[in-house]
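Chemist: Chain by chain, the residues:
Number of protein chains: 2
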Amino acid sequence: MNLSQCGLNTITVRSLTLPEVIDQAQRREIPVISPWRDIVQAEGVARAGRLVRDSGLKVSSLVRGGMFTAPDASGRRAAVEDNLRALEEAHAIGTDCLVLVCGGLVGRDLPGSRTMVREGIEALVPAATAAGIRLGIEPLHPMMVGSRSVVATLGEANDLVDAIGSPQVGVIVDVYHVWWDADLMAEIERAGRRILGLHVSDWVTPITGELSSRGMMGDGCIDLPAVSAAVRAAGFDGPADIEILSDHWWSLPADTVLDVALERFQACV
Amino acid sequence: MNLSQCGLNTITVRSLTLPEVIDQAQRREIPVISPWRDIVQAEGVARAGRLVRDSGLKVSSLVRGGMFTAPDASGRRAAVEDNLRALEEAHAIGTDCLVLVCGGLVGRDLPGSRTMVREGIEALVPAATAAGIRLGIEPLHPMMVGSRSVVATLGEANDLVDAIGSPQVGVIVDVYHVWWDADLMAEIERAGRRILGLHVSDWVTPITGELSSRGMMGDGCIDLPAVSAAVRAAGFDGPADIEILSDHWWSLPADTVLDVALERFQACV
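For the record, the sequence lines run as chains A and B.
Per this note's numbering, the first sequence starts with residue 1, numbered consecutively.
Per this note's numbering, the second sequence starts with residue 1, numbered consecutively.
In case anyone wonders, no lab produced these hints; they're calculated from the structure.
Cβ coordinates follow ideal geometry from the N, Cα and C atoms, glycine included.
Treat each hint with caution, since some may be false.
Facing chain B, from chain A, some residues (calculated, C-beta under 10 angstroms) [as the list claims (entries may be wrong)]:
#, residue
1, Asp109
2, Leu110
3, Trp180
4, Val204
Just chain A, same shape as in the assembly (with noise of 0.2 angstroms):
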């Protein structure tokens, strides 16, 4: 793919603060970034907001809200207030996206989990009508519902966005979670424009854990042009964001993580 359609998230490179990935994007001719809330409350939201809209850089997101599940009713309130400033800090930069990753399992209780979800994103809804925001729900992959989202397929997605009946929100397609699965491609064009982000690695086997063992582009097992031609085709013409978790390549300088990254980018996706 090429550059022009290139999202850089920032934890592919998470050494380096806000102003270190702005400065690689505008040298690496990447138009697009993704911050992870974590350096962007670290350089403080309204500082962020300037540096990245001075750049001229585009924001496709803010990664991520979400973690809707909890024991108890003020662990998810706390949960939706938490989710409430990420909106304001998604505003701050300029996103008008807000990635969500749902949350894991309470409980034992997989259709409790998920109600708790839905109640979640349907609590957040009117803020993010209101600040313009579009919540974008991620499936993440099987080997995470335990610890992180019980929302684990695109179809399941797909269907909370149904149940939640709200325009602002979508889903994002993270190549990583998703790739898998057999009902990939229908799930993509039953999401049409819906979707609302793409997200590139690559799944190299054996995985070491759930988290961070993912692959660069090209080096593992993933169809990368066919799930981002399905994409193209069911509407979506946002950037595809590099999103690497990944402890091989956060050992490496992330000048070097960038060379192979965009190289790859363009070869592969």
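Starting from the structure of chain A, add chain B where the hints point.
Modeler: Only chain B this time, still in chain A's reference frame:
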């Protein structure tokens, strides 16, 4: 669940030989075992068959056939030939079920790899029918699509059974692989009497790898009574086999593992 419904998969105590597993099962009043091929072959197939038959234990299944995917036709033929040997071993030890782990991705081509699996099973059906041995398609967790099984959900396994259309072919429900799936209960009901086996362990989080991170029943995320009740309600009346692939539990003496596993089987499944 009562111990009269308990099966012991030999990988749970993989330091033991087949005679040692038989001895443990007899002393602990476990009525059923499910051996992996390696310990059957280590004993010699004919002798293993005599040992099992003399023991009076039942054998729920032989684990495992499958691995039908390969980059070229000769590799796929070799896989079918190996499965024919597995059928002979299954017959020798007196079981009527061969568990199939279908094989991982070849060449980034998921649909093509899934076709290889279907063709491999179809090639095996005549011999399985002649031997009176049923083939149990075991969907593995989606984190193993790259390495071990492109069949990743019970829905896919049911689709495959439908496509093959032989009464000799059914599915295995291993809770570790399928617990997370929002469609699980519906697909268990759909599978009905085509369920040929039930495997129990638990999902503990975070996982530390794709193969040997399994937990002891009761230590993890899975609503074991709900899944096992659904499998019973669908018509399966065989044993629940304890199958725990775990670096942690493998590091402990087999006696300790069995003490805990049998207590948990009765308390948590």
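Chemist: Now look at each hint and say whether the structure bears it out.
Modeler: Hints and how they fare:
1. The beta carbon of Asp109(A) is positioned within 10 angstroms of a beta carbon in chain B (closest approach about 7 angstroms), and the interface hint is therefore held.
2. A least Cβ separation of about 7 angstroms between Leu110(A) and chain B falls short of the 10 angstroms threshold, and the interface hint therefore holds.
3. For Trp180(A), the suggested interface contact is upheld, since its CB lies about 4 angstroms from the closest CB of chain B, less than 10 angstroms.
4. Evaluation of the Val204(A) hint against chain B yields a held restraint, the C-beta minimum of about 8 angstroms falling below 10 angstroms.
The structure meets every hint from the earlier list without exception.
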